[in-house]
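A.B. asks: Residue numbers (our numbering), protein chains in the order written: chain D, 1 to 183; chain X, 1 to 183.
For the record, the hints were derived by calculation from the structure and aren't laboratory data.
All values derive from a computational prediction rather than experimental measurement.
Careful, some of the hints might be misleading.
As the list makes no split between identical chains, a pair holds if one copy fits it or if it spans any two.
As the list claims (entries may be wrong) - Keeping only pairs whose Cα atoms sit at most 27 Å apart, straight-line, the calculated DSS-like set for lysine-lysine is:
(1) K143 / K91
(2) K103 / K91
(3) K143 / K103
(4) K91 / K12
(5) K91 / K105
(6) K29 / K12
Protein chains: 2
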Amino acid sequence: MIDAESMLSLMKGRQSDRRYLSKPVERDKIERITEAGRMSPSACNGQPWHFVVVDDPALRDQVAAATESVILRMNAFVREAPVLIVVVREKSNFTSRAGDLIKQKDYSLIDIGIATASMVYQATAEGLGTCIIGWVDDRRIRKVLGIPASGKVELVICAGYTDNRLREKLRKPPGEVISYNRY
Amino acid sequence: MIDAESMLSLMKGRQSDRRYLSKPVERDKIERITEAGRMSPSACNGQPWHFVVVDDPALRDQVAAATESVILRMNAFVREAPVLIVVVREKSNFTSRAGDLIKQKDYSLIDIGIATASMVYQATAEGLGTCIIGWVDDRRIRKVLGIPASGKVELVICAGYTDNRLREKLRKPPGEVISYNRY
Numbered sequence: 001m002i003d004a005e006s007m008l009s010l011m012k013g014r015q016s017d018r019r020y021l022s023k024p025v026e027r028d029k030i031e032r033i034t035e036a037g038r039m040s041p042s043a044c045n046g047q048p049w050h051f052v053v054v055d056d057p058a059l060r061d062q063v064a065a066a067t068e069s070v071i072l073r074m075n076a077f078v079r080e081a082p083v084l085i086v087v088v089r090e091k092s093n094f095t096s097r098a099g100d101l102i103k104q105k106d107y108s109l110i111d112i113g114i115a116t117a118s119m120v121y122q123a124t125a126e127g128l129g130t131c132i133i134g135w136v137d138d139r140r141i142r143k144v145l146g147i148p149a150s151g152k153v154e155l156v157i158c159a160g161y162t163d164n165r166l167r168e169k170l171r172k173p174p175g176e177v178i179s180y181n182r183y
Numbered sequence: 001m002i003d004a005e006s007m008l009s010l011m012k013g014r015q016s017d018r019r020y021l022s023k024p025v026e027r028d029k030i031e032r033i034t035e036a037g038r039m040s041p042s043a044c045n046g047q048p049w050h051f052v053v054v055d056d057p058a059l060r061d062q063v064a065a066a067t068e069s070v071i072l073r074m075n076a077f078v079r080e081a082p083v084l085i086v087v088v089r090e091k092s093n094f095t096s097r098a099g100d101l102i103k104q105k106d107y108s109l110i111d112i113g114i115a116t117a118s119m120v121y122q123a124t125a126e127g128l129g130t131c132i133i134g135w136v137d138d139r140r141i142r143k144v145l146g147i148p149a150s151g152k153v154e155l156v157i158c159a160g161y162t163d164n165r166l167r168e169k170l171r172k173p174p175g176e177v178i179s180y181n182r183y
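With the sequences and hints as input, model every part of the structure.
C.D. replies: Here it is as structure tokens:
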């Protein structure tokens, strides 16, 4: 059992880490992290996802390069992360896609968010830092990793050990977004 | 600190609960749950969300009715849940919306999924059962709760105490969706 205060502390302690130590991440940690993703809830249990763990240094560099924008000076830190988890969105099941049509929204994007959060919180419990990258070159990563055209690379999760003294202290405060019974 | 095995057990213990006890849920639990949502990561820290906690029985019944489909025989159980958390998607910030345009995807739907997962896992740590409902009548719920047209109701999270002997045992097994270094 996890007590409620510890759980909230874990979530509050998570931040988007953009510095990693080169120390490799153990495979049993990775396995628990992806297991957390795999067990996540999804619309009609469609599980519209596939996770590719990239810890081979050469492949990791190629995937990292496909998240970088030299012009916007973004995501150069991704290649520092010893592990990248590539989150591929797959076609969902029939009932979920019927729901998409009727309700005119793409539940599978929400599902991808849920599974990603599960992996990030498991990684936090494993003592790892993470950063979720949404800026990805889908086509290029698919080519590097042999992902079929039916899948779409939506996110890349960076994971690795961090130097706690170096963890970035700055984060924007969250807004007031909660109300009771009325908006 | 939460140890990694306990965290994974918590996630594996979560299921979509469709039976609730009428026992009310304490407000301090609700506050920690929504706090977990509020602290969640989002694209460019855009926080494109607003959470409305509905625990007033009359309003709760009206929101529940807006998730039900009599024809499809769906979601009649929602009115049993003592608390509903209505997840409203708001317009994100400029940088995140610029990303949407360039990358042609709606990051805010992913963000909504992440925040929802945070709330569900905090609720689990609080000893509550949950079920995420994606089948919602956005317009009707907006009217009931006074949500402005700029917001869109994407999900409703049911939360409440459950009778462990009655918890539904059946869930479809998750698929094999993890690979290493290649798809």
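A.B. asks: Mind listing which of the numbered hints don't hold for this structure, in increasing order?
C.D. replies: none
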